[in-house]
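Asks: Two chains, two separate frames, one set of hints: put the complex together.
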Amino acid sequence: MIRYLARRLLSLALTLLVASVIIFLIIEVVPGDTASLMLGVNADEETRLALREELGLDVSKPVRYVNWVSGMLTGDFGISYTYRTPVSEMIADRMMVSFPLALYALALSTLIAFPAGIIAATKRGSFSDVSIMGVTQLGVAIPNFWFAMILVTIFAIKLRWFSAGGFPGWEAGFFAGLKSLTLPAIALALPQASILARVMRSSLLDTLGEDFIRTARAKGLSARQALWGHALRNALIPVLTIIGLQFSFLLAGAIIIENIFFLPGLGRMIFQAITQRDLIVVESVVMLLVFAVVAVTFLVDIAYAVVDPRLRRRV
Amino acid sequence: MSLLTVQDLRVSIGGKSILTDIDLSVEAGKVLGIVGESGSGKSMTAYSIMRLLPDGSEQNGKVILDGTELTSLSEEQMCQVRGRRIGMVFQEPMTALNPLHTIGDQIAETVKIHTNTSRSEARRITLDTLRRVELPPEEFPPSRYPHELSGGQRQRVVIAMAIALRPQLLIADEPTTALDVTTQAQLLHLLKRLVDDDQMGLVLISHDLAVIASTADDIAVMRNGVVVESGSTDVVFNHMQHPYTRELMKASGHVPQKLASTAEVTSPLLVVKDLVRDYKVARKGVFDKVSFFRAVDEVSFTIYRGENVGLVGESGCGKSTLTRAILGLEDIQSGSVSLDGEFVIANEVMSLSSRRKMQVVFQDPYGSFNPRHTVGRLVAEPLHALAIQPDRRARERAVHEVLARVGLQASDGEKYIHEFSGGQRQRIAIARALINRPSLIILDEAVSALDVSIRAQILDLLVELAASDDIAYLFISHDLSVVRSFTDRVLVMKDGRIVEEGETETVFRSPSHPYTKSLIAAAPTPPKVAH
Numbered sequence: 019m020i021r022y023l024a025r026r027l028l029s030l031a032l033t034l035l036v037a038s039v040i041i042f043l044i045i046e047v048v049p050g051d052t053a054s055l056m057l058g059v060n061a062d063e064e065t066r067l068a069l070r071e072e073l074g075l076d077v078s079k080p081v082r083y084v085n086w087v088s089g090m091l092t093g094d095f096g097i098s099y100t101y102r103t104p105v106s107e108m109i110a111d112r113m114m115v116s117f118p119l120a121l122y123a124l125a126l127s128t129l130i131a132f133p134a135g136i137i138a139a140t141k142r143g144s145f146s147d148v149s150i151m152g153v154t155q156l157g158v159a160i161p162n163f164w165f166a167m168i169l170v171t172i173f174a175i176k177l178r179w180f181s182a183g184g185f186p187g188w189e190a191g192f193f194a195g196l197k198s199l200t201l202p203a204i205a206l207a208l209p210q211a212s213i214l215a216r217v218m219r220s221s222l223l224d225t226l227g228e229d230f231i232r233t234a235r236a237k238g239l240s241a242r243q244a245l246w247g248h249a250l251r252n253a254l255i256p257v258l259t260i261i262g263l264q265f266s267f268l269l270a271g272a273i274i275i276e277n278i279f280f281l282p283g284l285g286r287m288i289f290q291a292i293t294q295r296d297l298i299v300v301e302s303v304v305m306l307l308v309f310a311v312v313a314v315t316f317l318v319d320i321a322y323a324v325v326d327p328r329l330r331r332r333v
Numbered sequence: 035m036s037l038l039t040v041q042d043l044r045v046s047i048g049g050k051s052i053l054t055d056i057d058l059s060v061e062a063g064k065v066l067g068i069v070g071e072s073g074s075g076k077s078m079t080a081y082s083i084m085r086l087l088p089d090g091s092e093q094n095g096k097v098i099l100d101g102t103e104l105t106s107l108s109e110e111q112m113c114q115v116r117g118r119r120i121g122m123v124f125q126e127p128m129t130a131l132n133p134l135h136t137i138g139d140q141i142a143e144t145v146k147i148h149t150n151t152s153r154s155e156a157r158r159i160t161l162d163t164l165r166r167v168e169l170p171p172e173e174f175p176p177s178r179y180p181h182e183l184s185g186g187q188r189q190r191v192v193i194a195m196a197i198a199l200r201p202q203l204l205i206a207d208e209p210t211t212a213l214d215v216t217t218q219a220q221l222l223h224l225l226k227r228l229v230d231d232d233q234m235g236l237v238l239i240s241h242d243l244a245v246i247a248s249t250a251d252d253i254a255v256m257r258n259g260v261v262v263e264s265g266s267t268d269v270v271f272n273h274m275q276h277p278y279t280r281e282l283m284k285a286s287g288h289v290p291q292k293l294a295s296t297a298e299v300t301s302p303l304l305v306v307k308d309l310v311r312d313y314k315v316a317r318k319g320v321f322d323k324v325s326f327f328r329a330v331d332e333v334s335f336t337i338y339r340g341e342n343v344g345l346v347g348e349s350g351c352g353k354s355t356l357t358r359a360i361l362g363l364e365d366i367q368s369g370s371v372s373l374d375g376e377f378v379i380a381n382e383v384m385s386l387s388s389r390r391k392m393q394v395v396f397q398d399p400y401g402s403f404n405p406r407h408t409v410g411r412l413v414a415e416p417l418h419a420l421a422i423q424p425d426r427r428a429r430e431r432a433v434h435e436v437l438a439r440v441g442l443q444a445s446d447g448e449k450y451i452h453e454f455s456g457g458q459r460q461r462i463a464i465a466r467a468l469i470n471r472p473s474l475i476i477l478d479e480a481v482s483a484l485d486v487s488i489r490a491q492i493l494d495l496l497v498e499l500a501a502s503d504d505i506a507y508l509f510i511s512h513d514l515s516v517v518r519s520f521t522d523r524v525l526v527m528k529d530g531r532i533v534e535e536g537e538t539e540t541v542f543r544s545p546s547h548p549y550t551k552s553l554i555a556a557a558p559t560p561p562k563v564a565h
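Residue numbers (the working numbering), protein chains in the order written: chain E, 19 to 333; chain V, 35 to 565.
Just chain V, same shape as in the assembly (with noise of 0.2 Å):
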């Protein structure tokens, strides 16, 4: 009999039918994967089974675990389930935890509310808990605050806080996807570990079909509140039989069909040339000296006309720094940054036509916009950097006219940010780009909240803009998949240095520098599509 069962489970929240008939089976000493499209119900299904659903929602069907029948139980009851038989782990590390308490408090707190345990217990399985997560106590102690952890640490945190029991089934809610490549095969890894050690049950969820490819025995394909396809992971990748299933891996590996350029690539757009910028660091004390963190140390690259270049490296490799450089919003202390001949920032100014000609789409699509402006405004907003202003007349024509040409209608102009889907977000942070007519884009994580299918069709508006516009694209991204198929050339960045450089296709097949090695090793790798 397996760990558990969910039979014909049915939610909905204010009337709306959320999940519907969903049916799962999750054997002990096994990975359940369940992927999806954002929206799909993942989630929801993962917070039906703690019984953790928001206000005003219905649930129908069953629950079992083990033998218990988690429906029926009282609130009370299911309290003493949660957290003692089914621990649960979630997306957003930098915010799963209590900021106001330490580390060691919120992890013993699992095990006060559940057990009669002593004081002295109860830390002697804490610390044993923060080793069994591979956060030795000797360097993280459990006085620490979230707040002095990075993101994988306190990932592990959470995870300790629900393993702390030995629980008999975890579910972890896309515990990777806010994490870097490295990170997450670490993490991962201890995942499956855990499994092993202790023969727990694990329902992961993930939106990456890689993720779940390495790491599920079976895995539930989901779909507008539907289970669409399940079965063991080989069987589901060798022999997709819903279309779905086969569009979201197509989708998932997609590769934008190349257009050839007009443009000659030989003539230099950006040229970037020993940049650095220093920060601050805080004294420790008064009379301390002052010391400085290199963010970016004289980094140097060109990027010709038309050419697409990816930017790769972890977090706080100094990638935002840098672009934030390029685009003159930072300052610089040495070295310099062309853009067609010309200094972005002469006499600390930054020049109006690098600013027409350069412009930038970053990853959040919808807090990049003011939400009270029309998406009209919006979208005509870099038009303030032309030299001429437009009368009205051509400053809607010419907000039609993108809009037109990444795919919306000339009536979105109206509306409001909030009624449009992210993708089509997207396409509107594009048109804002796209409206003076730059030379290059700075794409900043710019595809990597977006479901695969709504990223597909994204990658090709990009490929197909650049190819009519004869536009430059930097591409940065943590998605190694993603700049592979993207871009023409990569520039590898680690601590502040650009550490290898060259042709995508060269550097990912053969890498030079070991930092690329290891970044290129803990990227899961999609499965491999069977026609």
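Bound-form chain E, shown alone (with noise of 0.2 Å):
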């Protein structure tokens, strides 16, 4: 078990590393200097390199790679170019918000999907199960921010049970700040909970097959009980990957669904370091995503090697 560990978090620190050199790269390869840029046309050459010397770009690109790492794991992400305010304060603003959502979401989807896909499996070609398919089918296919505008429109306009937009901060109370991350979450829980819910019927439904739930009805279980005592765990497994690619992907992928409800949250803030060109922002983002994905699979490793005995002794 040690060792399984042992190998995931190596090759996890090297994800990272590769990770942060092709970011760093990416960005250098983005024409234009950020200096001028941040002071427009007119500015002279002194305050241009001045301001260079400022933001630490006047030093070689290696150097600079050293010193954004190294700033890094510190937990100095730099300054940002547009506000002149720490990177990292901003960051953890923003994570105040879109980390909540993503948990949020994910806990929506996984009480959605867990229910529907073992009913979908156990009656099969039921009318449930159909039901349940055709549901969502129609959720996979739904984009996301077509069906927040409709929830806005029905829950905000029309019931005005929620508000269209905005977060009021963790400070108005826990229950304020839940109730405005609602209908984003889910908005962003449906496609998720639709996929997950399918995945879960597929999996249920070839554990149901094998021979070993045959072996347990064989021994005196009821069909419900070979269901929760054996058939459950070897599906999880395909589940919880799906569950760990979701809830990087809602961290990172709430961009649209964040500017639709006027969220402060992470994809907001970069999708607004883009236009504005703040690089440092962007960089530094895009890291800590890559990181929380990294993380979020190395989780999902551990949590294999928990639900299945075979992966502890795997080489």
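Simulated from the structure, these hints should not be mistaken for laboratory data. Among the hints, erroneous ones may be present.
[Stated by the list, open to error] The list that follows gives simulated cross-link-like pairs (lysine-lysine, DSBU-like), each with its CA atoms no further than 30 Å apart:
no., chain 1, residue 1, chain 2, residue 2
1, E, K141, V, K226
2, V, K96, V, K226
3, V, K146, V, K50
4, E, K141, V, K50
5, V, K226, V, K551
6, V, K96, V, K64
Replies: In structure tokens:
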């Protein structure tokens, strides 16, 4: 088990290293000088050079890369070119929205998908199965921004149960914050839940067809006991993979939804930073997202090992 | 009164009749053998007794276990019968256990769902049951997971789960089919012992007449969902009434009529010399030394033109690795393989002529074909190994010709592989091997998955082809009786080495190596046919 974890950790570190080099190079390739861009066309040369020095752009590229990475390791992500505030503070602020939103959407998606997938698989071919498959088909097909707008129209404009957008901050109270994240979370969760329910169904169907389920039934377990005691845990392995992928996607992929609901999240921040050429912010946020994806993958790997004893010994 | 009585059992699935008027009875302390070919309804009979038929099936008739009419029980009551009064063991030990639970938990589960025993009592029963199936807990602690055990050991765990509560009846559906002969002999012995110890009734289902003949007290022969003949084993084997029983018996002991080969058997075709194949063993720690496992250990042998050589040995002995190495599919560490005087692998590339001259037929006639290609395309595939590519017309002609030679129609080339039966699929595999007119065909368990009557036909076909096309075979099988009837010479392999080699009849009559002796002793002998 420890060996397994050590290996996963090593591959995690390597992935991050490679990703940081690639991100750095891509940002470097982008044409245009940041300092002259910030100062406008009429700035004189002296000011431009001074600004370059202030931004740390005057040293060679390898040195800048090392500075950037070592800065991140100590929590220093640099200063935003546009806002002149530390990027780490900006990210921390935005994480307070994006992270709970991703968790919320994932929780909703799992809570919908598990029962739906289990019912569809155990009652294969029944009315409930056919309806669940139909609805999830629709859920996969509907674009989430469109669904988000429908939600706003119904629940914010017509029924006035929720506000149409914005985020009051957690200072306004936990439930006020949660409430403002509800519509975006539902909009994000729908396609995810649909995919997850379908994966759950097919994985469970495969498992229910396995020989060991027949063995369990021959031991005297009822169909229900065999499902809960033997099928579910086995069916979970592919489902875990999808959940891991979905979480990283939800964290980074909420750009459109955050824009629709005017949420001050990471997605909106990166969107704005790109339009303002605030490259240091782009660089750092992208790196952070890579870290999140890799970390989630690592957690999923651990979850595999917890679920499946065969993996604990795998080399 | 019998322990189990099955009366007028009828089963249909989706309106299609599967079993008709099955009558069976099993006595306590006795073994009833059910024998028949695939699709005869053997397994369905077992599932009807357990009431575990697939969805959409309809069951009529009586199943009476020691005074209880099982067909009138509710599903809930039936759950209490399964595992407690009837235990069941299945064919595939590799997949019959839940990979995520320890073997101890899985055995204890049987105890826990049927009784209100305490945790410690359940554990005591588990340990005791492990001992009864000859898996001493000192060596095989209940904390083991299924993947840490061999096939034979897993099958013992499945048996342990079935007998933990000492059921009155045990149903074993092909329990040894997937196992080696020596493991098979041990398991049959174990089942017999359990029957004697507990006065349990045993229903033993098998396609193998030899297994049934050596184990069962009574037998029932099934075909197309009907019991065609039943009675005590002696009576059935000595006075076979039904023509099908006779046919089955004849097919299982079938000796293909050898035809005189036109080739001189003195010129060597395949020469394997000091072949070594090592596998890297995974290191336990980062700083451990790299160690190797020698799968094939300095193996040398020669196959002459038109000769028929058998290769036998238990699973894990290196048969498959050796086969793959001959076919150029494995890296070899030292030694050489040459075909027709030419190295099979030269400069790390397999020569085109070796690819043409050497073909292979595998065990699984379905798994070895791409289901999305037409049979014509599948059969034509080896033509890539020709130096000059034939044009479309020639290609088609070649496909039609080989299909006809293996007894299929030219029009079959348009069809897909799922449209054929197991025997026909194996004919297609042979056609694919034949299309380049090879001089050597490696038959890797090529007839093992086939029913006896189909197997007899395929063996006849192979002999016929060998004579007309001057083909040599390397015949790999775990089934010693087939090897004995089919091959001229035999190689016995153990732990990566050839331990004995000689003329087949001589080796079988007077084996010299102790391992060969034990293999032959373990193989169940088919009953003598009374003519």
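Asks: Each hint: holds or not?
Replies: How the hints compare with the structure:
no., hint, in the structure
1, K141(E) <-> K226(V), "41 Å, violated"
2, K96(V) <-> K226(V), "27 Å, holds"
3, K146(V) <-> K50(V), "38 Å, violated"
4, K141(E) <-> K50(V), "23 Å, holds"
5, K226(V) <-> K551(V), "23 Å, holds"
6, K96(V) <-> K64(V), "21 Å, holds"
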